[in-house]
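Q: Below are the chains, spelled out letter by letter.
2 protein chains.
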Amino acid sequence: MDAAEFRRRGKEMVDYVADYLENIEKRQVYPDVEPGYLRSLIPEEAPEEAESYEDVIKDIERVIMPGVTHWHSPYFYAYFPTANSFPAMLADMLSGAIGCIGFSWAASPSCTELETVMMDWLGKMLKLPADFLAGTEGKGGGVIQGTASEASLIALLAARSKIIKLIQADHPERSETDIISKLVAYSSDQAHSSVERAGLIAGVRMKKIPTDNKFSVRGDALQNVLEEDRATGLIPFFFCATLGTTPSCAFDCVTELGPICNAEEIWMHIDAAYAGSAFICPEFRPLLNGVEFADSFNFNPHKWLLVNFDCSAMWVKKRSDIIGAFKIEPLYLKHDHQESGLVTDYRHWQIPLGRRFRSLKMWFVFRMYGLKGLQAYIRKHVGLAKEFESLVRADQRFEISADVVLGLVCFRLKGSNELNETLLKRINNARKIHLVPCQLVGKFVLRFAVCARTTESRHIKEAWYHISHLASELLQEPPH
Amino acid sequence: MDAAEFRRRGKEMVDYVADYLENIEKRQVYPDVEPGYLRSLIPEEAPEEAESYEDVIKDIERVIMPGVTHWHSPYFYAYFPTANSFPAMLADMLSGAIGCIGFSWAASPSCTELETVMMDWLGKMLKLPADFLAGTEGKGGGVIQGTASEASLIALLAARSKIIKLIQADHPERSETDIISKLVAYSSDQAHSSVERAGLIAGVRMKKIPTDNKFSVRGDALQNVLEEDRATGLIPFFFCATLGTTPSCAFDCVTELGPICNAEEIWMHIDAAYAGSAFICPEFRPLLNGVEFADSFNFNPHKWLLVNFDCSAMWVKKRSDIIGAFKIEPLYLKHDHQESGLVTDYRHWQIPLGRRFRSLKMWFVFRMYGLKGLQAYIRKHVGLAKEFESLVRADQRFEISADVVLGLVCFRLKGSNELNETLLKRINNARKIHLVPCQLVGKFVLRFAVCARTTESRHIKEAWYHISHLASELLQEPPH
Chain A
1 MDAAEFRRRG
11 KEMVDYVADY
21 LENIEKRQVY
31 PDVEPGYLRS
41 LIPEEAPEEA
51 ESYEDVIKDI
61 ERVIMPGVTH
71 WHSPYFYAYF
81 PTANSFPAML
91 ADMLSGAIGC
101 IGFSWAASPS
111 CTELETVMMD
121 WLGKMLKLPA
131 DFLAGTEGKG
141 GGVIQGTASE
151 ASLIALLAAR
161 SKIIKLIQAD
171 HPERSETDII
181 SKLVAYSSDQ
191 AHSSVERAGL
201 IAGVRMKKIP
211 TDNKFSVRGD
221 ALQNVLEEDR
231 ATGLIPFFFC
241 ATLGTTPSCA
251 FDCVTELGPI
261 CNAEEIWMHI
271 DAAYAGSAFI
281 CPEFRPLLNG
291 VEFADSFNFN
301 PHKWLLVNFD
311 CSAMWVKKRS
321 DIIGAFKIEP
331 LYLKHDHQES
341 GLVTDYRHWQ
351 IPLGRRFRSL
361 KMWFVFRMYG
371 LKGLQAYIRK
381 HVGLAKEFES
391 LVRADQRFEI
401 SADVVLGLVC
411 FRLKGSNELN
421 ETLLKRINNA
431 RKIHLVPCQL
441 VGKFVLRFAV
451 CARTTESRHI
461 KEAWYHISHL
471 ASELLQEPPH
Chain B
1 MDAAEFRRRG
11 KEMVDYVADY
21 LENIEKRQVY
31 PDVEPGYLRS
41 LIPEEAPEEA
51 ESYEDVIKDI
61 ERVIMPGVTH
71 WHSPYFYAYF
81 PTANSFPAML
91 ADMLSGAIGC
101 IGFSWAASPS
111 CTELETVMMD
121 WLGKMLKLPA
131 DFLAGTEGKG
141 GGVIQGTASE
151 ASLIALLAAR
161 SKIIKLIQAD
171 HPERSETDII
181 SKLVAYSSDQ
191 AHSSVERAGL
201 IAGVRMKKIP
211 TDNKFSVRGD
221 ALQNVLEEDR
231 ATGLIPFFFC
241 ATLGTTPSCA
251 FDCVTELGPI
261 CNAEEIWMHI
271 DAAYAGSAFI
281 CPEFRPLLNG
291 VEFADSFNFN
301 PHKWLLVNFD
311 CSAMWVKKRS
321 DIIGAFKIEP
331 LYLKHDHQES
341 GLVTDYRHWQ
351 IPLGRRFRSL
361 KMWFVFRMYG
371 LKGLQAYIRK
381 HVGLAKEFES
391 LVRADQRFEI
401 SADVVLGLVC
411 FRLKGSNELN
421 ETLLKRINNA
431 RKIHLVPCQL
441 VGKFVLRFAV
451 CARTTESRHI
461 KEAWYHISHL
471 ASELLQEPPH
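Chains as they are written, first to last, in my numbering: chain A, 1 to 480; chain B, 1 to 480.
With the rest of the complex left out, here is chain A (with noise of 0.2 Å):
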């Protein structure tokens, strides 16, 4: 395919993505193939000879299309959102094209360098302390990262070689392995599973912290356990707070957490994934008090603010933390700039070398969009959830299952697990709509969470309809 032909084909795809979001509605949210449905559809092996686009284009809706789960689709209210917009997706047409490996300031200048800024300005829309940027004289500041899990690595592996050293330092004689034996992380018992995945990979000792019943860990929950590990001869190094957990969107105690890390010279590092994004909102800004006690904290613009995937938004207050944990400097990746001090080569803030130049879609949305116009579609999806809240408490044979404070809504048939386990498959099955299940004390709860850019109120009315409907089946058949 040469150029002339790509500016034809292209044109036709920027057509086919427009069609395709436009009318998403229409296509059935949750796939009805079974595993293995694909396999057969296509050959067995490449072609030796190449195919004409026509072949390859047909195929979309014969073979990938009958197994895509629809994320835009204003019908799909499973897991959190993903993000998708149409300025980040041009943004993307042209990070393709420049296609630039950003693993140095050398391998390309304005990939770092716009990316440091955009997180500048992320951190300012979202009332980060000065620590955290990186300015012109900042010790600190931002990175892009994949996902919210390697956020989480990094800064575990930041805060072990931290602590390796500093024990290291008073006594030399200690083995690094050692050390590592007697660490101990901690996170919530309500934390995301990769936090967990974070200290297998790091060969650390990771307990989870109660929380109460709010689902919030709480300062003397943490202070409790700490006493009982150092009297043990553990040393604690670590606690990744969660605001916005993955279950019911709960939110850790940082004000009473932040001292008490700070105190123990625990790092700690902030998750908010999902929630993140409604900090911007002076409004929701409150949840995020306490982050000045934090050494890192993260969030996914690739969830709820626009920016299509992967765009996991980083801070550290002390880079050299992060750089230091992991610096390799091979020659072939040497360049003039990199002792000056002014650079940033963001090969150390990160697990993989390579990497995109994924800043433009932060630029392109943040601009198209004007900070209004983001803080406008937050409360838009909080709104909707809040309908769906009193939707769900107007109606006496359900409960809300845990505070709806974002865009997430945690609800149950009040009756057995069984009950509401069989209401979500009848859910799932009918294929109107879909939704996933989370743990609460025991309990079986159904996840509403409000995805789709173009969720309106009348789909959040036809969910519930449809939901309420088939509860009332479910209710009136006799008991197996």
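No wet-lab data here; the hints were simulated from the structure. Keep in mind that the hints are not guaranteed to be accurate.
Think about it this way: if two alpha-carbon atoms lie no more than 25 Å apart in a straight line, the pair counts; the simulated PhoX-like pairs of lysine-lysine are [stated by the list, open to error]:
no.: 1; chain 1: B; residue 1: K58; chain 2: A; residue 2: K372
no.: 2; chain 1: B; residue 1: K11; chain 2: A; residue 2: K11
no.: 3; chain 1: A; residue 1: K334; chain 2: B; residue 2: K207
Chain A is fixed; fit chain B onto it per the hints.
A: Chain B alone, transformed into the frame defined by chain A:
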């Protein structure tokens, strides 16, 4: 921006992208900007109100392009290639629009299933042993990682988990940290920095095996170190072989190393990040001989196989080894089919949880080039490297520093490292072409990697005459 405006702007962007790539050689390959250039060109904060698309787009040439290192310019010979093709860009547009997060089969069945089948297609193109393919009944299979760094890390972590379980099966009293403190992993002294970094992350000892005069690890070199280490009570568990090292594109002797690793129950991972693409050509496939001894194998189609970044292809013989290392199953990620054994949940195969629909890029590229088209592309690049090698060899002032096997030529002026450092500095300062150096047995060497899809013989000649001219100037100067 609504769909109607996206239709218009998207088509403009398609033309911008086509214009950019058609005219890329008119742009200076390496930018003139100084560190910090970008910050002063744009506001300090995101705008409150939305800006127009015109305002955003005009800043591409004003703000971004002056700081881009043009990796797809035919004057770019630095690092290794990064792929860029029109079919891959079209597929990426579609991937962005579908915008699913394919962490589990249920999260979008086609995203998972196309990936499994495309990895089988690619495995067959490479004539990988059937053990590595998923098929319908296989125990192995492939996954798209973001980068080779992640693949090496995942392989190392899977090996770590496997050896710990193995030892604990016989010695349940031994703790994980005790075992980890005795583990030792190996790679070539020419291996990529990311392998050393994987060891740092996993908290295991990593030793570099010395290479022979072809920069290749041989069986006896590994055997010697293994014996020494076992004698001191260490537990060898992982060897990362490199096929196509970053400094000089050297090949570890996996036909010798593989049987040793198998006999010693050491996980052998093969990193062929750059060279792997060439193995689709029968004449280069012997370079992969010995892969049958490996536990895992990885290369980057996003380097040299025309699939835009990110697409790092990794295969394992036993997928249970990799899945078993990290499986954590919260309720909100469970789905009906996962216990059936029929489905793949790729989140267990990688560090991040989220993942884009990256296999679409492979599908478009494989079909629109066909195997023959891809082979022709590899052969053309190798031919261009051979052409450059001949030009260097014909000039008595220069020497070739390593065998030219694929698309990389390592060369230098006969003379001091200082002389070659000065030559490289002048080449890069002239801004006509862009190269990076490497170090080979203490010598400062220039690396000339054929990178851009549009590089032709005339560019190679032009690059050589330019280098030759700068060398003449340098050599005519009186010594300092």
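Q: Give a verdict on every hint.
A: Comparing the hints with the structure gives:
no., hint, result
1, B:K58 with A:K372, "23 Å, holds"
2, B:K11 with A:K11, "5 Å, holds"
3, A:K334 with B:K207, "23 Å, holds"
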